[in-house]
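Participant: All residue numbers for the sequence shown refer to our numbering, where the first residue is 466 and numbers rise by one.
For the record, the hints were derived by calculation from the structure and aren't laboratory data. The beta-carbon is built from N, C-alpha and C at its ideal position, and this holds for glycine as well. Be aware that a few hints might be false.
The calculated DSS-like cross-link candidates involving lysine-lysine, where the alpha carbons are at most 30 Å apart (straight line), are [stated by the list, open to error]: (1) 516 x 529; (2) 706 x 685; (3) 706 x 604; (4) 685 x 642; (5) 604 x 642; (6) 896 x 529; (7) 529 x 604; (8) 484 x 516; (9) 932 x 896.
Label pairs and their in silico Cβ distance ranges [to be verified]: (10) 547 x 585: 49 to 55 Å; (11) 585 x 855: 34 to 40 Å; (12) 749 x 639: 31 to 37 Å; (13) 639 x 983: 50 to 56 Å; (14) 979 x 642: 58 to 64 Å; (15) 639 x 670: 28 to 34 Å; (16) 466 x 500: 46 to 52 Å.
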Amino acid sequence: MRVLVTEPLSERGLELLRKDFQVDVRPELARGDLALEIAPYDALIVRSQTKVTADIIEAAQNLKVIARAGIGLDNVDVEAATRRGVMVVNAPQSNIVSAAEHTVALMLAQARNIPQANAALKAGRWERERYQGVELAGKTVGVVGLGRVGSMVAQRCPAFGMRVIAFDPYVPRERAKEMGVELMPTLEALLVQADFVSLHLPRTPDTEGLIGERELALMKDGARLVNTSRGGIVDEVALAKAIEDGHLAGAALDVFAEEPTTESPLFAFDQVVVTPHLGASTVEAQDKAGASIAEQVRLALMGEFVPHAVNVSAGAEVSEVVRPFLPLAEKLGMLLTGLARGAVSAIECQYHGRIAEADTRALTLALIKGVLSGVVHEPLSYVNAPIIARERGMAVSEMRSAVSSDYVNLIALRAETEDGEVSVAGTLVGKRNAERVMQVLGYDVEMSPATYMLFFAYEDRPGVIGKVGTILGQHDINIATMDVGRPTRGGTALMALTLDSAVRPEIIEEISTAVGATGAWFVVLPD
Numbered sequence: 466m467r468v469l470v471t472e473p474l475s476e477r478g479l480e481l482l483r484k485d486f487q488v489d490v491r492p493e494l495a496r497g498d499l500a501l502e503i504a505p506y507d508a509l510i511v512r513s514q515t516k517v518t519a520d521i522i523e524a525a526q527n528l529k530v531i532a533r534a535g536i537g538l539d540n541v542d543v544e545a546a547t548r549r550g551v552m553v554v555n556a557p558q559s560n561i562v563s564a565a566e567h568t569v570a571l572m573l574a575q576a577r578n579i580p581q582a583n584a585a586l587k588a589g590r591w592e593r594e595r596y597q598g599v600e601l602a603g604k605t606v607g608v609v610g611l612g613r614v615g616s617m618v619a620q621r622c623p624a625f626g627m628r629v630i631a632f633d634p635y636v637p638r639e640r641a642k643e644m645g646v647e648l649m650p651t652l653e654a655l656l657v658q659a660d661f662v663s664l665h666l667p668r669t670p671d672t673e674g675l676i677g678e679r680e681l682a683l684m685k686d687g688a689r690l691v692n693t694s695r696g697g698i699v700d701e702v703a704l705a706k707a708i709e710d711g712h713l714a715g716a717a718l719d720v721f722a723e724e725p726t727t728e729s730p731l732f733a734f735d736q737v738v739v740t741p742h743l744g745a746s747t748v749e750a751q752d753k754a755g756a757s758i759a760e761q762v763r764l765a766l767m768g769e770f771v772p773h774a775v776n777v778s779a780g781a782e783v784s785e786v787v788r789p790f791l792p793l794a795e796k797l798g799m800l801l802t803g804l805a806r807g808a809v810s811a812i813e814c815q816y817h818g819r820i821a822e823a824d825t826r827a828l829t830l831a832l833i834k835g836v837l838s839g840v841v842h843e844p845l846s847y848v849n850a851p852i853i854a855r856e857r858g859m860a861v862s863e864m865r866s867a868v869s870s871d872y873v874n875l876i877a878l879r880a881e882t883e884d885g886e887v888s889v890a891g892t893l894v895g896k897r898n899a900e901r902v903m904q905v906l907g908y909d910v911e912m913s914p915a916t917y918m919l920f921f922a923y924e925d926r927p928g929v930i931g932k933v934g935t936i937l938g939q940h941d942i943n944i945a946t947m948d949v950g951r952p953t954r955g956g957t958a959l960m961a962l963t964l965d966s967a968v969r970p971e972i973i974e975e976i977s978t979a980v981g982a983t984g985a986w987f988v989v990l991p992d
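Based on the provided sequences and hints, a complete structural model is requested.
Facilitator: What follows is the structure in structure tokens.
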């Protein structure tokens, strides 16, 4: 089998691959005609510069696995790979320490004007007064996102005498307290207090442009912003204006909305320290990534279990009984998180019927992965999902029962949150194993998991269904399916709808008011 490597990979990784495969290292293809050369290869290994588009994947007739030697997958069309049955893997734990250390390094460099003073002295200028800095001691650092990198930054900052506050709505207060971090209820509450704001988030539709003109204006006069996570989270034009106006004292950035780049309005300011996405650029991180990715590729090409697969549920070690339920389990986890009002502190994975007699470990991993999807700030796999759950103080337990009164098989997921208990359940039906959600928040419903799902709790009475349909129709939102669960006639009911498009918060509020809803939930699942 043939492996194509288009970007630098550690020598240890290359040696591991060459033991079993023909390996071609062709860095010119990172920005060249990869689509014309990819056809004969079984595996493709890239870093951040190679854009693995749908066209390239379509041209890859023999491709079985795409491997990203690092964490981020912004440059890989995972959806196109999934449609073609091509596995996508990464090395999610390889550069965590390096990224955290780079964050602290940039914070120090910006606070003490180290790059500017270094350049001035080498240019023949001794300018001590011009480059007077500030201490970290006694300052407040606001960490936005307590994923693995954010947590490491939060753990390191107290060594400098800093107070650490954080915002992450998915981290339980108990876990933050264990870390010595003061959890803020909102992003705004963090911004108005922090002297340094450090971002540790993925780039998603929800986080893109998260720090814009409004958020920058909320920051303290003289505060500083640090971003080593992903470009696009910060509005760079608005940040440049806040620095130019003197509101912010500066910024330190390792990532940008468009990469690579040599032009940015931020480059005009001495008080802005920048690096060209060096967060993972250490000897140790690259060695770990190379070795990890080589092993992932070997497992994939040998048809064995691949723990860091981000789009393929699992490998050969999962039984045929369990395998069809893996996508459903992950969706049930995502649905539960969408329904939860607060951070999830514990989950119980329940298996009823015949499936309870099988090895359900992979299903539990899928449920955990689903619960954490969209919550944590790094790509998830079957290996790192339980580790991240444990780090966040999320307890995981299982319950099995070979008896199921209504279904041949049923997967149920129950969670404890800061706002009470949340539960969902689902199964597969028919010869095609169609996915069905059968229970939501304790109510019996039947619906297929969908991209847009809307739920209302209300007192069962005539006319409610009509009102909901009418208001949605007035806003040009089409209902795909609808079901109502009610334990008793005239009691509390739950309406479950799938929609063809997203619904705005003000529309949900309008419906809630019209029908006297006691609860409303809008959940978006990935396509």
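Participant: Provide an ascending list of the numbers of those earlier hints which the structure does not satisfy.
Facilitator: 7, 9, 11, 13, 14, 16
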